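Protein chains in written order, with the working numbering: chain A, 2 to 331; chain B, 8 to 333.
Bear in mind the hints are in silico, worked out from the structure with no lab data behind them. None of the values given here were measured: they were computed from a predicted structure. Take the hints with a grain of salt, since some may be wrong.
[To be verified] Between beta-carbon pairs, the in silico distance windows are:
| no. | chain 1 | residue 1 | chain 2 | residue 2 | range |
| --- | --- | --- | --- | --- | --- |
| 1 | A | T256 | B | Q155 | 32 to 40 Å |
| 2 | B | D159 | A | L34 | 48 to 56 Å |
| 3 | B | R326 | A | R301 | 38 to 46 Å |
| 4 | B | S36 | A | V88 | 52 to 60 Å |
| 5 | A | I189 | B | I299 | 28 to 36 Å |
| 6 | B | I299 | A | P35 | 56 to 64 Å |
| 7 | B | Y87 | A | G175 | 50 to 58 Å |
| 8 | B | R249 | A | F200 | 53 to 61 Å |
| 9 | A | I182 | B | V314 | 35 to 43 Å |
| 10 | A | V107 | B | V314 | 44 to 52 Å |
| 11 | B | R162 | A | S277 | 52 to 60 Å |
[Claimed, not checked] From the derived model, a few chain B residues whose C-beta atoms are all more than 10 Å from chain A:
| no. | residue |
| --- | --- |
| 12 | L23 |
| 13 | Y87 |
| 14 | I165 |
Note that the Cβ used here is the ideal one computed from N, Cα and C, for glycine as well.
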Amino acid sequence: MAQGLGKIIKSENNIFQLAVITICTFALMCWLLPGTFLTMRNFRSMSFQFPELGILSLAMMLAMLTGGIDLSLVGIANLASILGAFVFVKLMPANSSHEVVVAYIVGVVALALFVGMSCGLLNGFLISKLNVPPILATLGTMQFYTGIAIVLTKGAAVIGLPTQYSVIGNGSLGVFSIPLIIFIVLLIFFAILLRKTNFGINLYLIGSNAKAAIFSGIKVNKNLMISYMIGGCLAGLAGLIMSSRTNAAKADYGTSYILQSILVAVLGGVKPTGGSGKAIGILIAVLALQFLSSGFSMLRFSNFAKEFVWGVFLLAIMIVNYFTNERNKT
Amino acid sequence: MNKIFKRNELWLFCILALLAFLVGGSNSSFWSRTNLFSLFKSSVVMGVFALGVLLVIVSGGIDISFPAVAVFSFYITVKYLLYIKFTGSIVMPFVMSMTIGIILGLLNAFLISTFKLIPLIVTLGTGSAVTGFLRAFVGTTTLSNLPQPLIDFSRWNIYTETLADGSVIGFSGSFLIFVALALLVAFILRVTTMGRGVYALGGDQIAAVRAGFPVRKIYYFTYGMAGALAGIAGIIHCSLIRLANPRDLEGIELEVIAAVVLGGASLTGGKGTVLGTILGVFLIVLIKGSLILVGIPTDWQKVTIGVVLITATALTAYRSATHGGR
């Protein structure tokens with residue numbers, strides 16, 4: 002038993018290490034902020050904050066697994082949330098009955114998923130069929146999607162969303178917030194998708210050796226396309242949560258999420274060169290970041306100091322990983 | 008090999024010319040000297056950045072920390088010069104900003120070469136750390152009362168002309184600095200052993216080690232140079248707009264990388280030229296600067312840049328795929 006645990010720890014070394022660091026961060030914050038950090042209120046507010054970043058990070062992980070990157074995720078999220086908000090503001094008759102509003106909400110969710118999928122399709126097409134490097138393709142589409150969002154809204158926020166809609170971002174079931182539940186469901190779904198299905202295994206293969214993947218008969222282009230489409234859907238969903246939580250949709254909302262989602266993915270043990278990464282890593286990494294972020298806010302650190310610490314944190318984790326991996330080799 | 012490079016640049020040049028004629032055709036004020044001079048002027052900062060990014064990309068790496076490095080360098084330089092009430096030669100601000108840039112560049116190189124980390128992630132981390140450090144601990148206010156030498160530099164023209172309406176236009180002297188730096192980088196890449204090493208490292212790292220290239224030294228050189236060029240570009244930028252704004256230059260990294268890749272450099276390393284890079288920079292500057300001239304409303308600018316970027320990168324990728332190898 003002890004040996005088995007040791008083996009698991011060794012094979013999941015970086016994730017295990019991150020978990021230790023996360024727990025240390027948590028303990029540190031509890032110690033520094035007695036009475037404010039370790040409270041139900043703080044946990045509830047955190048459980049509303051991190052799921053949107055978590056979902057975007059899952060999408061980022063999906064792109065990174067195949068050795069790619071998706072810079073357009075936040076652009077997709079905002080475009081989807083704006084189009085959804087337009088449906089409420091422009092199409093839905095005012096004073097609709099409760100049932101009608103719920104029907105519209107279902108329609109908006111479907112629309113956001115469709116928008117996300119279409120945007121992902123364009124990304125996947127550029128990357129797989131036209132061989133554009135992912136960083137450039139999604140850089141271009143990021144401008145393009147954000148651009149459309151600006152054209153549609155003239156840069157202003159779309160407001161006046163129905164109150165029922167805000168349940169997605171602000172509601173809760175028992176002690177769990179709805180965004181958290183959505184995130185956990187997605188996390189479990191992706192853990193299974195990546196480990197148990199052919200599609201998931203193909204993605205790892207493509208990421209670790211694209212040429213070998215081609216020669217072993219994997220349809221690389223098709224798989225890439227699907228992975229970017231799923232990433233787009235996730236972004237669309239994250240967009241819905243963002244607009245529902247803030248009760249507004251805006252073209253430039255959450256631009257810092259791009260960097261943060263890369264940070265979360267890398268912290269969570271996803272290799273940017275492709276071929277390795279696990280959904281559970283994303284969960285631990287996003288928690289670590291949220292503990293740091295909430296703790297710093299309570300300690301009255303400025304946002305800039307947070308940015309500084311995140312950068313240092315990212316570098317420090319990578320260096321620690323390097324040393325443990327070196328030690329394991331010998 | 009050489010032929011492909013030449014053809015790529017010729018092809019770029021044709022697109023550039025075509026675009027210029029299209030824009031000039033729809034609005035003749037494109038060809039006015041006021042507009043052309045201002046286009047050249049706005050290509051300086053982006054061009055100097057692009058030279059540094061070119062070196063890094065050819066060596067098989069990537070640097071997205073350079074805007075942060077540039078802002079860090081010029082802001083601290085200006086703040087210090089104001090503090091000592093500096094009035095001396097323009098050389099001093101340049102040297103100081105460049106030195107700060109070099110130090111940060113060497114830090115990137117240290118992290119990448121010592122711990123064998125991935126350049127994209129390292130520079131993401133240093134970029135975030137440097138920006139955060141600057142705004143949290145140095146200052147967030149925009150300095151608009153630059154030291155006199157920097158103001159004089161922004162007024163430096165190598166050619167001036169008084170228009171019929173009495174306004175004076177000039178061809179900014181900063182363009183000379185860009186040209187000089189471009190020649191320097193071209194010389195390093197084409198003639199020196201270090202330049203060969205940069206191409207070798209980007210082409211195949213293991214082969215470069217076996218062939219006896221000092222790989223570690225090459226890392227320090229490329230990222231150090233990128234830092235130096237970022238420092239120089241930063242101080243030029245701050246002088247030209249006569250503001251030291253710690254929130255400046257956000258998002259320019261993506262445009263610069265796009266310009267370098269449009270110029271024929273391969274993100275997988277080992278390929279790229281200075282001439283191609285300059286043409287790539289001109290292309291991006293031309294597109295950005297001409298949107299208003301062609302009558303595209305400001306709301307549509309991002310969409311247009313996005314579409315052009317997607318088309319151009321797709322065409323470049325398609326071309327290099329059909330010409331064998333990427």
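Do the hints match the structure? See the list:
1. Checked against the hint of 32 to 40 Å, the pair T256 (chain A) and Q155 (chain B) passes, with Cβ atoms roughly 37 Å apart.
2. About 52 Å separates the C-beta atoms of D159 (chain B) and L34 (chain A), a value consistent with the hinted range of 48 to 56 Å.
3. Range check, R326 (chain B) to R301 (chain A): about 54 Å between beta-carbon atoms, so the 38 to 46 Å window is missed.
4. Taking the beta carbon of each, S36 (chain B) and V88 (chain A) are about 42 Å apart, not inside 52 to 60 Å as hinted.
5. Between I189 (chain A) and I299 (chain B) the beta carbons are some 50 Å apart, a value that contradicts the proposed interval 28 to 36 Å.
6. The given range of 56 to 64 Å is respected by I299 (chain B) and P35 (chain A), whose C-beta atoms sit roughly 57 Å from each other.
7. A beta carbon spacing of about 57 Å between Y87 (chain B) and G175 (chain A) agrees with the range 50 to 58 Å that was offered as a hint.
8. The beta-carbon spacing between R249 (chain B) and F200 (chain A), approximately 55 Å, falls within the hinted interval of 53 to 61 Å.
9. The given range of 35 to 43 Å is respected by I182 (chain A) and V314 (chain B), whose C-beta atoms sit roughly 39 Å from each other.
10. The supplied range of 44 to 52 Å is broken by V107 (chain A) and V314 (chain B), whose beta-carbon atoms lie about 33 Å from each other.
11. Between R162 (chain B) and S277 (chain A) the CB atoms are about 55 Å apart, so this pair conforms to the stated range of 52 to 60 Å.
12. The claim that L23 (chain B) lies off the interface holds: its Cβ sits roughly 19 Å from the closest Cβ of chain A, which is beyond the 10 Å cut-off.
13. For Y87 (chain B), the requirement that its beta carbon stay farther than 10 Å from each beta carbon of chain A is met, with the minimum near 20 Å.
14. At the 10 Å boundary, the C-beta of I165 (chain B) stays outside the reach of chain A, the nearest C-beta of that chain being 34 Å off.
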